[in-house]
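Number of protein chains: 2
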Amino acid sequence: MGRSVSDVTENRNMEISGRPIDDSRSVYSVGFPPRMNLASQFAHKVKEMFFADDPLRPYKGQTRSMKFLLGLQYLFPILDWGRSYDLAKLKGDVVSGLTIASLCIPQDIAYAKLANLEPQYALYTSFVAPLVYAVMGSSRDIAIGPVAVVSLLLGTQLQNEIDPVKNPEEYLRLAFTATFFAGVIQAALGFFRLGFLVEFLSHAAIVGFMAGAAVTISLQQLKGFLGIKNFTTKTDVWNWQTILIATAFLAFLLVAKYIGKKRKNLFWVSALAPLVSVILATFFVYITRADRHGVQIVKHIKQGINPSSAREIYFSGSYATKGLKIGIVAGLIALTEAIAIGRTFAAMKDYRLDGNKEMLALGTMNVAGSLTSCYIATGSFSRSAVNYMAGCHTAVSNIVMSGTVMLTLLVITPLFKYTPNAVLAAIIISAVLGLIDYQTAYLIWKVDKLDFLACMGAFFGVVFISVEIGLLIAVMISFAKILLQVTRPRTALLGNLPGTTIYRNVEQYPETIKVPGVLIVRVDSAIYFTNSNYARERASLMCALSSPIKSFLSTAVIDIDTSGIHAFEDLHTALQKHGVQLLLANPGAAVIQKLRSSGFIEIIGRDKIFLTVGDAVKACAPKAREDA
Amino acid sequence: MGRSVSDVTENRNMEISGRPIDDSRSVYSVGFPPRMNLASQFAHKVKEMFFADDPLRPYKGQTRSMKFLLGLQYLFPILDWGRSYDLAKLKGDVVSGLTIASLCIPQDIAYAKLANLEPQYALYTSFVAPLVYAVMGSSRDIAIGPVAVVSLLLGTQLQNEIDPVKNPEEYLRLAFTATFFAGVIQAALGFFRLGFLVEFLSHAAIVGFMAGAAVTISLQQLKGFLGIKNFTTKTDVWNWQTILIATAFLAFLLVAKYIGKKRKNLFWVSALAPLVSVILATFFVYITRADRHGVQIVKHIKQGINPSSAREIYFSGSYATKGLKIGIVAGLIALTEAIAIGRTFAAMKDYRLDGNKEMLALGTMNVAGSLTSCYIATGSFSRSAVNYMAGCHTAVSNIVMSGTVMLTLLVITPLFKYTPNAVLAAIIISAVLGLIDYQTAYLIWKVDKLDFLACMGAFFGVVFISVEIGLLIAVMISFAKILLQVTRPRTALLGNLPGTTIYRNVEQYPETIKVPGVLIVRVDSAIYFTNSNYARERASLMCALSSPIKSFLSTAVIDIDTSGIHAFEDLHTALQKHGVQLLLANPGAAVIQKLRSSGFIEIIGRDKIFLTVGDAVKACAPKAREDA
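From first to last, the protein sequence lines stand for chains A and B. With the first letter of the first sequence counted as 1, position 22 gets the number 22 in the UniProt record's numbering; the numbers rise by one all the way through. With the first letter of the second sequence counted as 1, position 115 gets the number 115 in the UniProt record's numbering; the numbers rise by one all the way through.
A couple of the hints might just be wrong.
Covered by chain A, according to a simulated footprint, are these stretches of chain B (three or more residues, beta-carbon under 8 Å) [said to hold, decoys possible]: (1) 52-59; (2) 186-200; (3) 348-356; (4) 533-547; (5) 564-572.
By construction, these hints were calculated from the structure, which means they are not laboratory data. A virtual CB, placed ideally from N, CA and C, is assigned to each residue, including glycine.
The shape of chain A in the complex, shown without the other chains (with noise of 0.2 Å):
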């Protein structure tokens, strides 16, 4: 008979499908999609980049006012899920807000520092910045504040402009300035629909990055532990007493910490240790007047709530342009910080969260900050983990954090006198030690050898050298491996699997049995400008390596642009002067309507294209039997 095998089946599953039997092809041929004309196209294009998610979905069919209102709801989650909010869901938010309260106000006073900022101004961040989020956002388990990671950035940065002990009143204007350029970055991101940006930053960059900054403000703070309050001062080096306050709520801390992370429903130890640290901190030192004895207390907060610092913002001059870049990378890392703790929660939770709709929040949030006082915010990692364990339903919890801290602002600020520098150092090492993701890096480890290599490189960069350049080397091997991606496709050669028409990557699958005569090659990616020489480089190296063939079979490519064309048309006139036909399976539709414009089609014939892997072969086969 000579017929293969593959050859019977597939005429098979002709005869059961009840259509007539075909021996040269399959019943289907290859789609053409229809031709769509320039400005679809074009419309198609900037939908894809921009409007991925199909925003103006909900908006069809409506009426003006109802758009009106879908509109505004938009803006304004609070309108929408406002209005089915409930007694139960308040018992919960308020729960859950007073939690992350007694959380955030110890660690407000400790991040300020990280920012060299006085503590008031953390403070002021965590009363405005939630209100404004809980009216704007969409994420109903982030917890708003100033963060360990972003006060040290912030910090760092501005220190590198304006010594803070030198001249605190231009830190604090710069501060503020960097604050509102970060937010207006970050909401022009979202407004113009460019959160994609932020997605440059990988996973594994970020995690190498927060390892790197907590171990980074960890050997900060033993400063605060050895009771040095600033080198250049001439104090007691070696203070007993700081280091047993630190040491001693350091463990206790530790200790409460994994109390909460091995026994889930005793969270709240974890969610209080802070508060109760400080508290017995404050006493301790207080009885004692240790201060007297070299322990360095806070000594004064500001009372009262924020001030306006509109005419404190630099708007022209060269520390404008200054503000500008800090506020950048600050408001960068800001962002994708929020962003990655509003997706996970929505996750866990199954809703919705639109990126750019976040990033106009959020945006917004550090501008109106800017004006009254605060430095950037963005959402804590650990408070959203609380505040979500302790049941927070709507971004209400927000709004019962900001009044508690309203509060405090108002009222308990002189409290804070003696509290010990030792313990919100310890508070602050406890905090960031869980940023340190060991567990994760390992997986990265086993899963991606190229993710590891960037999130090591980010570690490595922010404790050897500085938070910036860590940051500089995570973006840089991202880029690498984007560059990689884009100039070389995966290629592979494919074989049969004896007894069926399946055909699978011969290194994946051993048992696959290359096709005498047919080189089966499978390019899983567009063919581009960027890579259109290497894949038909490739493609005449495998030509090269075979053993003698008569058809080149290409599969899968996934889209191909003008370029593409040009070098599928070199291999094609390469492949004739040795006899080879070039026969295409299964092209996408952009592949198949480009082919056909460019009338490559033609040159090739329309029978060299087919709908399977396995009609091609089998229309080849004859061929290659003659051969063998």
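Starting from the known structure of chain A, fit chain B onto it as the hints suggest.
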């Protein structure tokens, strides 16, 4: 029975293949490739990026002396092809060499003006550069020398730094400096195997850039047409003799070009036309002494071969930096042109061109040139085409051309004294008009609108703003395309072609039928950090838009990184909340390996991974039927 058609056919396949009937799955399972250790994984990545063409293959298993010889042959391909050189080849090379010499001498004198240099520098370039290339280059057809676009680009950029009329000496020195650095950059790209970087200027962008440069050059030459030497001198603006000469010879050249294009065997008509024009025009001016009536003439070309210029190059100071900057831009454009020409003819004659090796040769050539009073040389498309048609066999034709230019420099340069500038302008215009490739532009328009945008951006940028801005626009549009590629993977919903086990894009194949209860999504891309969030949101959107489903089947994912796995985990969590199971069909080798390493396979269950879409559909079809 309740079994679908695809069930039956699949099982028939099994029967036919003589293997046991398995009611639920194919006899083959998904291939798990062997794990690679870190070193081999890293080596693999490096090889893929930098040594994809396997340049060390010929060296394997050779003796040490043989390896040395092969290494020498790699550096100096003349040692390879020179051994099989014979008289028949010499004949073809001499004819083609003389032909391109006759074309290049008048072109050189004209092109030097574009670079604001005296004519002899272009002739120097056509003497030294082809000799170096002949020894080191691997293209057999390329014709080396100064070209119009690079001359213009160099001239424009040099002019921005130094006025060529006021400071001709410094201008010349900066030209040599730029040439030197262009060569260094070219050679470095080749040496460090970074040749893929030139791919980032897409074919479409080059077409637009070349056409724009051609229009710019032609407009410039109208000055020569009108008899204006320089807008600052008060010569007669409308010199009828000049206009007569220019118009007559342009008409002659265009007719000759048309003849050469129409009848391939008369290509020599167009090849010789420029030389004939120069001789006729020079003779005409000489006998009529038209130069006394306002016709601008060449006046003087320095006799003798290249002087050394090693001491002229700025190796330090601000001019060195400027030279470097100019050299990078002009060198990369020159490189892109030469590589494109080399590849075109290599494909036509079916030999391999090593891009990195070519860059090394071209770079060395320009470094050597910069030391011997040459400016940037590259491959000329028009002269290479003539070289090819005149029957060249090897780079010996370049040596013949070089020898002819040398004789010209030594003996006949004084004869060019009375050559009118107008005929040179006509030669330039007739040459660069060939760079306006409107047919390709039309093809690009038909095939890919985004490519056309890059093409037009480059064209209008060059024509209306400047050569550099045009280039910048082209590069930026190309990058936007890469951005679109890496952030927005193509996804498709698949349906079944009735009566087969084939699943295809429902948009491309309207005859497909969706499988009830199963959403089959094909992701035609690797899922990396740049697109993982998009892919996940896209998947959620698809679920939301489809009728109620019980299974979500993902197929054809090519590669994945930790962010991609993260996205899969989130998707899995979200699907579970809705009681939808996640299935994978035909995962690639890299994907299955990473999913295994990350433990994700255990999360969804090994029984959720299928060899084919058909298998997966069969496994969840009963559930689908319950719903129906």
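- Message: To test your reading of the hints: which numbers does this structure violate?
- Response: The structure conflicts with no hint, since it agrees with every one listed earlier.
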